[in-house]
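2 protein chains.
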Amino acid sequence: MKTKPDLKIAGSSARRLDGIEKVTGKAVYTGDIELPGMGCAKILRSPLPHARLVRIDAGRAEKLSGVYAILTRDDITSLNYQYGATYKDQAIVAVDKVRYSGDPVAAVLAVDEATAEEALALIDVEYEDLPMVTNIEEAIAPGAPLVHETQFAKVQMRGTSYGAPEKFKGTNVCYYFGYSHGDVAEGFGKSDYVYEDTFRFPKVQHYSLEPHVTVADFKEGQLTVWTACQDPFTLRDHLAGIFNLPQSRVRVIVPYVGGAYGGKLYVKAEPIAAALSWKSRRPVKLAFNVSESFKTITRHPARVRIKTGVTRDGRIVARECEVHMDTGAYADAGPRVTQKAGYRALGPYRIPYAKVDAYGVYTNTVPAGAFRGFGAVQVTWAYESQMDLIAERLGMDALEIRLKNLLKKGELYTPGDTPVDCDLKEGLLKVAEAIDWKRKPSRPYTGKGLSCCIKDAGGTFKIAGATVKMSSDGSVVLLTGTVEVGQGSRTALSQVVAEELALELDKISVAELDTDVTPYDVSTSASSSMTVMGLAVQRAAQDLKKQLLRAAAKAMGKKAAQLTLKNGKVYSRGEGVPYGQVISDHFGSKAGEIIGRGIYRDVKSKKAVLGSPTTFWEVGWGGAEVEVDPETGAIQILKYISAADVGRAINPVQCEGQDEGAVFFAFGHTLFEEMVYEDGQLLNPNLIDYRVPTFCHLPKEFYSILIENGNGPGPFGSKGMGEGGLLPVASAIANAVSKAVGVRIFDLPITPVKVWRALREKKL
Amino acid sequence: MKTKPDLKIAGSSARRLDGIEKVTGKAVYTGDIELPGMGCAKILRSPLPHARLVRIDAGRAEKLSGVYAILTRDDITSLNYQYGATYKDQAIVAVDKVRYSGDPVAAVLAVDEATAEEALALIDVEYEDLPMVTNIEEAIAPGAPLVHETQFAKVQMRGTSYGAPEKFKGTNVCYYFGYSHGDVAEGFGKSDYVYEDTFRFPKVQHYSLEPHVTVADFKEGQLTVWTACQDPFTLRDHLAGIFNLPQSRVRVIVPYVGGAYGGKLYVKAEPIAAALSWKSRRPVKLAFNVSESFKTITRHPARVRIKTGVTRDGRIVARECEVHMDTGAYADAGPRVTQKAGYRALGPYRIPYAKVDAYGVYTNTVPAGAFRGFGAVQVTWAYESQMDLIAERLGMDALEIRLKNLLKKGELYTPGDTPVDCDLKEGLLKVAEAIDWKRKPSRPYTGKGLSCCIKDAGGTFKIAGATVKMSSDGSVVLLTGTVEVGQGSRTALSQVVAEELALELDKISVAELDTDVTPYDVSTSASSSMTVMGLAVQRAAQDLKKQLLRAAAKAMGKKAAQLTLKNGKVYSRGEGVPYGQVISDHFGSKAGEIIGRGIYRDVKSKKAVLGSPTTFWEVGWGGAEVEVDPETGAIQILKYISAADVGRAINPVQCEGQDEGAVFFAFGHTLFEEMVYEDGQLLNPNLIDYRVPTFCHLPKEFYSILIENGNGPGPFGSKGMGEGGLLPVASAIANAVSKAVGVRIFDLPITPVKVWRALREKKL
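Here the protein sequences come in this chain order: D and P. In this text, residue positions in the first sequence follow the numbering used here: the first is 31, and each later residue adds one. In this text, residue positions in the second sequence follow the numbering used here: the first is 31, and each later residue adds one.
Treat the hints with care, as some may be off.
Since the list can't tell identical chains apart, any single copy or any two copies may satisfy a pair.
[Stated by the list, open to error] Heads up, simulated BS3-like pairs for lysine-lysine below, C-alpha to C-alpha not over 25 Å straight-line:
1. 52 - 460
2. 460 - 438
3. 52 - 599
4. 636 - 309
5. 634 - 584
6. 793 - 589
7. 249 - 52
8. 93 - 589
9. 730 - 309
10. 637 - 434
11. 584 - 56
12. 197 - 460
13. 784 - 52
14. 455 - 636
Think of the hints as simulated: they come from the structure by calculation, not from any bench.
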């Protein structure tokens, strides 16, 4: 355990730096950007789930007064119009086929929204209907219609073999990940009992308060894009590719983002907006409504078959998981999500024999990509539900069976990866105690459930740079590529700078994120900003500090080691010199600045399953108490306690907010959320029919326990968090429901109807 | 002489990077910035040249529908409302007095311009007239009315004594600079002849095509300003002071600037715009019209008395200069301009005994500040006119007398300063040859004139930083604080990067200038960007190159010294690896970037008169041939040849453009330009009545000779240029007029009326 440093500014629940700006409506989001001469863009979307695009004629639309440009497949041939996070399987607008109901077919740029809408109706499109697949079963059925005729398939394996990508030719499988250690058949042989269960996870949407929105301005070989996105540098790379530009001529600016959750990673609305600007030579604003964001990106529906062999006293011997992830019409980040789902399917347990097969499959539905939890949410739902099932079958206590199997601190999840970096027992016992696990429920139809989940950090190889600039008055600007998506990164990263430089927080500001000037960062994702960017920021501040001390030492005639920083001054026994003075003395003028730089990058390892050992392990522990109405099947969450291993909370109240937010978020897919399809049509892509939790669903008792052992690799022993809280929710609640009324739900969401039916079946 | 390196991209007349953008009207200037909810600002200006502000009542104006805010002296008391480049003698809006006709008294923010104008008319102001001073004679007369009752005065001396600032108490003198070497009285004693002449320079305006314009957005302790300015970092410092903010909470963004010439240095329209935004909590656009820019800043009118002692054979023995600079109602940069005028008054000659007294005086006219040439224009006009007068009086050839007295390369202008860094003779002989000096004029009323002027570089202590970021495709973004004011800095600085990195120019882009993210730079001024910022940029590129080579060496298993860069690839015998590949290999991912940093700073010296030895000497040589119409006094410039010591032209065609532009610029104050005052009112602040040269004034033969000896301290032996061409114009033309028709004009501009009158007097 690292010692806890004596912190002054980091470690305190400082007020959000962007708080006032946001609550007063002054904060600038992409939708607020106005440019002179800017047109309003609208997208014509396919009404059919799967069809050949026979003819498209924009002639009538182009003649409409107020229309600046129409974009169809005829316009994009000189561009590298195909793109994608993993495969280039998606086109700016449909070229040969449409692959889901909502697939962009054409786009209009017009003087205003009404004109653009009118023009959409004037575009004549002739489709030729094709047979479709809209779920995993249909997609993997032999002879299923193909979403993509061209093969896009990638195979990644460790310790197992499946064969080459050719194996998937003529199927809808676009990705396979296999992993094993030990011979799982041998493991099952050594088990006393082998249980096999199948769990399902629905298609859900990120539901950010701010739908996708982009402003694009293409002029003279230079593309500038303001956009709500989480990975501006990756986006820049994609856009440079599409428009044949050097990266230095693509500028991505990210204003505040109103929620992202993975739904704003990679390439979304940007190519259409940019292509319209490229064609019209005008600035373009393309703002999606909620329904369009639903038709842009979702979480992967999944089917997880999990087969576990245990000894009679509840020790896990072997586990085999077959995971199918429905990535929709285009792969997006699906292959990486599938890989992570596969890798994360084993759970926080010691399992001598293991085998995982994970498949990503195309269907004629909205593409699925990155989403808070990144593949872990689907598999944790399965393995922590099954853990209770096993306990029930063995007649064991659900806490006891977990404690028996949990990995110890320092044990390996898989060989080559970072050893488990915290005490998994500690958090589990804390939540168990908080929900008074041992005490029997005092009322009927109530029950308690526990869950413990683990995920490695990140789906990408992390590189992050940061710069801090101290002006001649000692105040500091921080340049960081971390996107403020609402998670509070500006405040927390500024606290790291303030701590290192012994400076008041209000002397620090964070520069606008702009790929032209901000140091490179891979993405704001995978709960890793505090660790990865935090380290880059801390190193930048330390670099600045070194220069400041060197300058002060020279001016004061001391050695740098004799000096200390406090409250914006350099001290050497009593006498304090303000930083601004040090800088003025250094430059011989009230001018100049000191710039510090820091960088973080992951290490690669040939031994690790995924190429690079995880930066840290993110853990989620949850304990729930529910009450079920036996007449209606309605579930009320009486109590929910979450615990998060944060290493050291840089801003405790923000950590609690993140963790509680994650739990509340998960109440959605646990109890309510599901994108409903019928005949390939999405029935509920709106705020009325798609149900999310509201304040009335808050449990009476609901809080997060922050575990701070200083065991994180981030600044001051901190550790990434913000996804962990999400992982155990569904299984903890399903486990509690089972305890309350004795029925087990295998398919999320756990709606009253499903519970009521299960209760009815049980009685029959 | 430095050896000329073998250059590929630097040294070529590459096409302007901002050319297409500008000629197609796509380039964004401050006036193009639009923000949601932005109001239009207008200023109420004093109609009186000097008056006490008795009462100001905005009540009626505030009630007008569409008015967002009115700013008067009552609003600004909580701010540090007084500011100024040298002294805090100026207020955001007038508080106690108005000091010139045009002085801002109040400001309005309204929904549109018409409403703002209407509101201006509803502000009731009561003035109490005061006696005024509107020129140098009135201002320095004993018992003159005082422009400022509070004393603002500074005294700087070297080798002479004048007394403390108290000496100027109760006068309009706000600055004094004195310098001497040797006892000048003794020098005159040793002279065969002593001549004393007095020259005058008129009040002229910068006349940038883009008048002053600012967009300000103040919200929640953060001020963002887009503005047409040349020194965003200095402006940031001033604004932080006025609004009590840390510098890190003031962000100054500078889009393209449509001409500056010193008129956009320091603080101009920004405090009013920012204060309106601060009061109204709305974005504000304040765009001056031409007339308002005329009422904002000008060049110093000057009276230069110059007394020179010479030997009979034309050797200068002693010179005494008394310079009075009229800085108008507020000091702005006037004290520094006065200092430089004093320092630059001696000319490029060997003068054993010298004494200079330079005074800055307040008058009730538009403030005067920095202006291309910065004090040198006024004094070179005097000393190079007198040089011909002396030659005439001694019956010597004007070229010969100059050659006899010119400082040699390596000689000192003043002890402690950088020795003269070029051959002054070389350029003079070149322009003499180009205008065929030795050949007598073939037609009557024509004559030739020569002039040679020198100025040290800069009025400020120079600090410049630069950053270059290379992306994973090998393209580069340059971050530089040099403002593109039209001088072509983006192109030339990019050429330096391209040369150092062996990269095509179109792979380089220049980031938007934004004090939050761009490294510190003092200002874009004093012809110094190519040298000062050029070095910072070159060092940044070299720093990047070092890292790139180190990464490539590691990947290629070579030593960095074995590798060379060519066309965007790293070579080691035959095999070239693209930079992007090197970066990907280095980071183990198609991601990341390499960042190089460079910095330049002046040295201070206790021996130097002005504290820091000049970075380089800028020289202007000019030769003119004119024809005078004896009936009308009209002057036609037949021929004008300029020579510029550029060390090494980074972009020759841009250097020529700069030098020719400077000459043409100077035709204005030489022949046409003058701000005319009557009863304290400026009569011609507009594009009709204020005459500037037009294309019809282009001489038939007109070009610049670039002298490239690689003797500059800048990148590849380059040297600052762009002001030099301006300096000799007026005296060369006056000298030619004298040769043509035998009359000597002492007061600029040399209008037909003045020549006609002089001819008439001569005949009488």
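These are the hints, each one checked on the structure:
{"no.": "1", "hint": "52 - 460", "verdict": "neither (35 Å within a copy, 65 Å between copies)"}
{"no.": "2", "hint": "460 - 438", "verdict": "within (16 Å within a copy, 86 Å between copies)"}
{"no.": "3", "hint": "52 - 599", "verdict": "neither (32 Å within a copy, 47 Å between copies)"}
{"no.": "4", "hint": "636 - 309", "verdict": "neither (46 Å within a copy, 61 Å between copies)"}
{"no.": "5", "hint": "634 - 584", "verdict": "between (41 Å within a copy, 16 Å between copies)"}
{"no.": "6", "hint": "793 - 589", "verdict": "neither (82 Å within a copy, 79 Å between copies)"}
{"no.": "7", "hint": "249 - 52", "verdict": "between (32 Å within a copy, 11 Å between copies)"}
{"no.": "8", "hint": "93 - 589", "verdict": "neither (76 Å within a copy, 64 Å between copies)"}
{"no.": "9", "hint": "730 - 309", "verdict": "neither (55 Å within a copy, 45 Å between copies)"}
{"no.": "10", "hint": "637 - 434", "verdict": "neither (28 Å within a copy, 81 Å between copies)"}
{"no.": "11", "hint": "584 - 56", "verdict": "neither (44 Å within a copy, 49 Å between copies)"}
{"no.": "12", "hint": "197 - 460", "verdict": "neither (48 Å within a copy, 80 Å between copies)"}
{"no.": "13", "hint": "784 - 52", "verdict": "neither (40 Å within a copy, 65 Å between copies)"}
{"no.": "14", "hint": "455 - 636", "verdict": "neither (30 Å within a copy, 70 Å between copies)"}
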